[in-house]
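Below, each chain spelled out in residue letters.
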Amino acid sequence: MNVTCDVVGGETETVSVAEDATYADLCRAVGFSPHEVTVLVDGRPVAEDGTVTEERVELLRLVKGGGRAGATGRAR
Amino acid sequence: MECDKCDRDAVHHAAYSGAHLCGHHLCESVERRVRRRIRQDDLLPDDATPENPQRWVIGLSGGKDSVVLTQILAETFDADPRVELVALSIHEGIEGYRDESLAACNELTAELDVTHETVSYAEEFDVRMDEVVEDDPENMAPCAYCGVFRRDLLEAYAAAYDADKLLTGHNLDDEAQTALMNFFEGDLHQMATHYDASLGPFPDRTPTDRFVPRAKPLRDVPEKEVALYAHLRDLPAHITECPHASEAYRGEIRDLLLSMEEDHPGTRHSIMAGYEELAALAAEKYRDEATHDGDLSPCVECGSTTARDVCRKCSLLESIRAA
Chain A
120 MNVTCDVVGG ETETVSVAED ATYADLCRAV GFSPHEVTVL VDGRPVAEDG TVTEERVELL
180 RLVKGGGRAG ATGRAR
Chain B
503 MECDKCDRDA VHHAAYSGAH LCGHHLCESV ERRVRRRIRQ DDLLPDDATP ENPQRWVIGL
563 SGGKDSVVLT QILAETFDAD PRVELVALSI HEGIEGYRDE SLAACNELTA ELDVTHETVS
623 YAEEFDVRMD EVVEDDPENM APCAYCGVFR RDLLEAYAAA YDADKLLTGH NLDDEAQTAL
683 MNFFEGDLHQ MATHYDASLG PFPDRTPTDR FVPRAKPLRD VPEKEVALYA HLRDLPAHIT
743 ECPHASEAYR GEIRDLLLSM EEDHPGTRHS IMAGYEELAA LAAEKYRDEA THDGDLSPCV
803 ECGSTTARDV CRKCSLLESI RAA
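These protein sequences, in sequence, are chains A and B. So in this note's numbering the end of the first sequence lands on 195, straight run, no missing numbers. So in this note's numbering the end of the second sequence lands on 825, straight run, no missing numbers.
One should not assume that every hint holds.
[Claimed, not checked] Using C-beta positions, here's what the derived DEER-type ranges look like: (1) A/T172 - B/C508: 19 to 25 angstroms; (2) B/D582 - A/T172: 44 to 50 angstroms; (3) B/V621 - A/D139: 52 to 58 angstroms; (4) A/D139 - B/D580: 45 to 51 angstroms; (5) B/G768 - A/G162: 28 to 34 angstroms; (6) A/G150 - B/M642: 27 to 33 angstroms; (7) A/V126 - B/M642: 31 to 37 angstroms; (8) B/G768 - A/E130: 32 to 38 angstroms; (9) A/S135 - B/D582: 50 to 56 angstroms; (10) A/G162 - B/D811: 56 to 62 angstroms; (11) B/G768 - A/M120: 30 to 36 angstroms; (12) B/T807 - A/G150: 42 to 48 angstroms.
[To be verified] Just some of the chain A residues that point at chain B, by a computed CB distance under 8 angstroms: (13) S152; (14) H154; (15) E155; (16) T157; (17) R163; (18) P164; (19) V165; (20) A166; (21) E167; (22) D168; (23) G169; (24) L181; (25) V182.
Hints are computed from structural coordinates only; laboratory data are not their basis. Yeah, the Cβ is synthetic: ideal placement off N, Cα and C, and Gly gets one too.
So here's chain A without its partners, still in its complex pose:
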């Protein structure tokens, strides 16, 4: 099935996933690790292992790659 993903604050992408795909699979199809984004359905986060039923979702980036304040340099 085709799912349109609006990346919050970013671009919109439509990807094709298997009928039994999970929301984690959907994240990967858009190029994210399920550990760095959450899928929002009607504004609410959904569990990563749930089967995709929606044709349009939002992807909220929760984790920015590198450079987070407090995580720079070697933590001691």
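Following the hints, put chain B in place on chain A, whose structure we already have.
Below, chain B without anything else, positioned relative to chain A:
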């Protein structure tokens, strides 16, 4: 997908434990892990009393991690006269980016009624990171300068406020990345330092007057769950990447760790379990040479403890001024 604990819809599946949790129970679980870590690390000693309270300085950047830490600590100890919280923010001179996150810090601390102090590289060092990045006199990544200055100010102000502890918002992913970096570099001395500086339970560490002891109460919580907590509770967290972010090696480790975690859920937890044990052994073996190192002396410029004549911060400042 239903929550394991109630009939609400799950907002998260933690593959490492198999748990499905709704928003309410995810938040409760995050808070429980933070409080358990505070107990396990013995952050609040028995001799803390309302007359002789513990003062904890929280490094508050306005990012999700330090915002969640401040929120949970403030709610946990709100009615406990044995703990005083002071939030400390640092403006590095990154225009736009840091102004926005400081607005988040101000909003949060006003809501929670937590004392909040802000210091800046400009006032303290006459330095702004936006300019340092332009000149780059040492040919280094921006984070390499910024980390030295940030640690220096957190340390200096925590000491000036007479803090008993300095708390930072490092999460499980941050700590597992640091552990792997130390493994891959084969750096057991660094593991020993890590243990005594911020990792070990307080009774197991060697007491030192060289710096304010640190702790990381969020270090059992994966980064995504910290972020979900901030999102679900609608906390004023600023989630934007620093425009100068450039930690290439940490980024590589982060990607490796996330792909391992996907294929082998629980990898971050097991890395930390083994690493803590190893770091404790390393600390036992190496801490004597580290703490009784006769080479340590006050920096001739600023007086902070250093293994050289001039400390790293002062030598960086010198080359920035000369540029």
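Hint check results:
no.	hint	in the structure
1	A/T172 - B/C508: 19 to 25 angstroms	holds, 22 angstroms
2	B/D582 - A/T172: 44 to 50 angstroms	holds, 46 angstroms
3	B/V621 - A/D139: 52 to 58 angstroms	holds, 54 angstroms
4	A/D139 - B/D580: 45 to 51 angstroms	holds, 47 angstroms
5	B/G768 - A/G162: 28 to 34 angstroms	holds, 30 angstroms
6	A/G150 - B/M642: 27 to 33 angstroms	holds, 30 angstroms
7	A/V126 - B/M642: 31 to 37 angstroms	holds, 32 angstroms
8	B/G768 - A/E130: 32 to 38 angstroms	holds, 33 angstroms
9	A/S135 - B/D582: 50 to 56 angstroms	holds, 54 angstroms
10	A/G162 - B/D811: 56 to 62 angstroms	holds, 58 angstroms
11	B/G768 - A/M120: 30 to 36 angstroms	holds, 31 angstroms
12	B/T807 - A/G150: 42 to 48 angstroms	holds, 46 angstroms
13	S152	holds, 5 angstroms
14	H154	holds, 5 angstroms
15	E155	holds, 7 angstroms
16	T157	holds, 6 angstroms
17	R163	holds, 7 angstroms
18	P164	holds, 4 angstroms
19	V165	holds, 7 angstroms
20	A166	holds, 4 angstroms
21	E167	holds, 5 angstroms
22	D168	holds, 5 angstroms
23	G169	holds, 4 angstroms
24	L181	holds, 3 angstroms
25	V182	holds, 5 angstroms
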